[in-house]
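J.: Next come the chains, spelled out residue by residue.
2 protein chains.
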Amino acid sequence: MSARNSADHGRDIPEATVARLPVYLRALTTLADQGTSTCSSEHLAAAVGVNSAKLRKDLSYLGSYGTRGVGYDVAYLRYQIAREIGLTQDWPVIVVGIGNLGQALASFSGFRSRGFRIVALLDADESRHGEVVSGLPVEPFDDLARIAREHGVAIGVIATPAHAAQDVADAMVDAGITSILNFAPSVLQVPEGVDVRKVDLSIELQILAYHEQRKLPVAADVDGVGEVSA
Amino acid sequence: MSARNSADHGRDIPEATVARLPVYLRALTTLADQGTSTCSSEHLAAAVGVNSAKLRKDLSYLGSYGTRGVGYDVAYLRYQIAREIGLTQDWPVIVVGIGNLGQALASFSGFRSRGFRIVALLDADESRHGEVVSGLPVEPFDDLARIAREHGVAIGVIATPAHAAQDVADAMVDAGITSILNFAPSVLQVPEGVDVRKVDLSIELQILAYHEQRKLPVAADVDGVGEVSA
Chain A
1 MSARNSADHG RDIPEATVAR LPVYLRALTT LADQGTSTCS SEHLAAAVGV NSAKLRKDLS
61 YLGSYGTRGV GYDVAYLRYQ IAREIGLTQD WPVIVVGIGN LGQALASFSG FRSRGFRIVA
121 LLDADESRHG EVVSGLPVEP FDDLARIARE HGVAIGVIAT PAHAAQDVAD AMVDAGITSI
181 LNFAPSVLQV PEGVDVRKVD LSIELQILAY HEQRKLPVAA DVDGVGEVSA
Chain B
1 MSARNSADHG RDIPEATVAR LPVYLRALTT LADQGTSTCS SEHLAAAVGV NSAKLRKDLS
61 YLGSYGTRGV GYDVAYLRYQ IAREIGLTQD WPVIVVGIGN LGQALASFSG FRSRGFRIVA
121 LLDADESRHG EVVSGLPVEP FDDLARIARE HGVAIGVIAT PAHAAQDVAD AMVDAGITSI
181 LNFAPSVLQV PEGVDVRKVD LSIELQILAY HEQRKLPVAA DVDGVGEVSA
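For the record, the sequence lines run as chains A and B. Be aware that the first sequence starts at 1, since it is given in the UniProt record's numbering, and climbs by one per residue. Be aware that the second sequence starts at 1, since it is given in the UniProt record's numbering, and climbs by one per residue.
Excised from the complex, chain A in its bound form (with noise of 0.2 Å):
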C-alpha cells in the first residue's frame, strides 16, 4: 500500500508496514513468552498471517534481516520494533467518555504494557464526576486543558458518543494533544498535523460477513444475483 501519512516525515516505512508493525510485536511477545529464543522468518510470518517475504521486506526497513540458517533473535526484534514504534517511550493516555466501552478501555491491561499510560478519565456527565474506574477518578471535560498539560498527553482516546466526538477532538486539539483515537462511530476534522487513527467496532464484523456469505448456498444471497456462487 503507497498511503502515507503525513506525520511521519523523514523515514521511509509504508503505512502498511507501520500497521504490521505491532502485529509482529505480539506474535514475538508470544513466543518470548513460550521460552522462544529465535524463530524464522517463515515461522514469525505464519503466526502473523503474512507471507515470509513480505516480513522478511517489512523487517528490513528496520534493518533487521536475520541470520542465515539460524532466523531473527526474538528478543532483539522485539526491542527494535517497540524502539521503532516508539514503545519504549512512556505514553501519557487520556480517555473521555466514560461509558462502557470507555470503561473497558480504562481496565484493558493491554495498554499499560505497551507503554500506554492511562493518566486521566474524563467525561461531561457531572454525576459522574470523582467516580473511581480502573483506579482512577472520573474528573470533568472542562477540565481537558489543565489535565493535558499536566501530563504531558500526546494522545486523546474519544470514547464518546457521535453527536460529541468532534467537540471533544477540537478541545484535544486545542489542548496540543496530536494523535486521537477515536471509537466513536463519527468523522472528525482536524488540523494538519494531527493524526487521527479511527476504530470502527463494525468493520470487523463485516470483514466476517463478506466471508461468511461465501460458505452460504447462493439461494441464501436475498437479492438472488448469485454473488456467493464461485
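Heads up, some of the hints might be wrong.
Note: identical chains are not told apart, hence a pair may lie in one copy or across any two.
For lysine to aspartate or glutamate, the following EDC-like pairs were computed, each having C-alpha atoms within a straight-line distance of at most 20 Å [said to hold, decoys possible]:
| # | residue 1 | residue 2 |
| --- | --- | --- |
| 1 | K215 | D90 |
| 2 | K215 | D12 |
| 3 | K54 | E42 |
| 4 | K215 | D174 |
| 5 | K54 | E15 |
By construction, these hints were calculated from the structure, which means they are not laboratory data.
Fit chain B to the supplied structure of chain A, relying on the hints for placement.
T.: Only chain B this time, still in chain A's reference frame:
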C-alpha cells in the same frame, strides 16, 4: 497486499480491498445522509483516505466503474458494496462475555444498522444470568450450542478475558459458528474453514505512537539512537 482468506473461494477480491469496502460504505452513507447523489472517485477517495486510482481499482472488482464526468451513483454504489459484503442479509450475532466491553458492544448502534443483529448475550458468571443488557437477558454460556442453533448464529463475538477466549472459541466452533470476532488479547486456534478476526484495541494506539514519536525532538527517543531524525 496479497494475503487471501481461506474462505474466500471463487471471487478474486484481494483481502486488502475487502477490508476497504466497509470504509467506502461508511463514507458513501455519510454522503447520502448529506443529500449527495453522485460523487467523483477523487471525492470518495479523499473522504476515505486512499488515492483515487486505488479506489477505482477496488470498485472495479465489484464491476463498478462510475460514469465519466459524473462519477459514481452514491445510492447504487452503496447497494453494490452492501450486497458484496453481504449486508443485504440479516446476520444473527451472539456476544460471549458481558463485561464492560460486552455491554458496550451490546449497546453499539453501528451493528444493527449494518445488518448485524445481536440475538443473545452469554456469560459464564451465574450472578449475571437474567440481567437485562440493552434489552437482552444475559444467558448461561453453557447454553451456547442451543442458542446458536435456535437463532442460526453464524458470527460469534468473544469479549471475555484472555484466559477464557480459547474455550469460548472451541464452544463456538462445536456449535457450528464459522466466523469469530475476537476482542480478547489472545491468539485463537480454530479449524480450517473458521474465520477469526482479531480486534486489538492497542494496535491503533501503537500506530499513533509511531507517528507521534516522529513529531518529537530526537532527545525524546529515550535510547538516544535518534530514530526520529529525518
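J.: For each hint, tell me whether it holds in the structure or not.
T.: Status of the hints after comparison with the structure:
In this assembly of identical chains, K215 and D90 lie within 20 Å of each other by CA distance solely across copies; the values are 15 Å between and 45 Å within a copy. In the homo-oligomer, the alpha carbons of K215 and D12 lie at most 20 Å apart only across protomers (15 Å), although the nearest pairing inside one protomer, at 40 Å, exceeds that limit. In this assembly of identical chains, K54 and E42 lie within 20 Å of each other by CA distance solely inside one copy; the values are 10 Å within and 29 Å between copies. In this assembly of identical chains, the alpha carbons of K215 and D174 lie at most 20 Å apart only when taken from different copies (17 Å versus 49 Å within one copy).
In this assembly of identical chains, K54 and E15 lie within 20 Å of each other by CA distance both inside one copy and across copies; the values are 14 Å within and 15 Å between.
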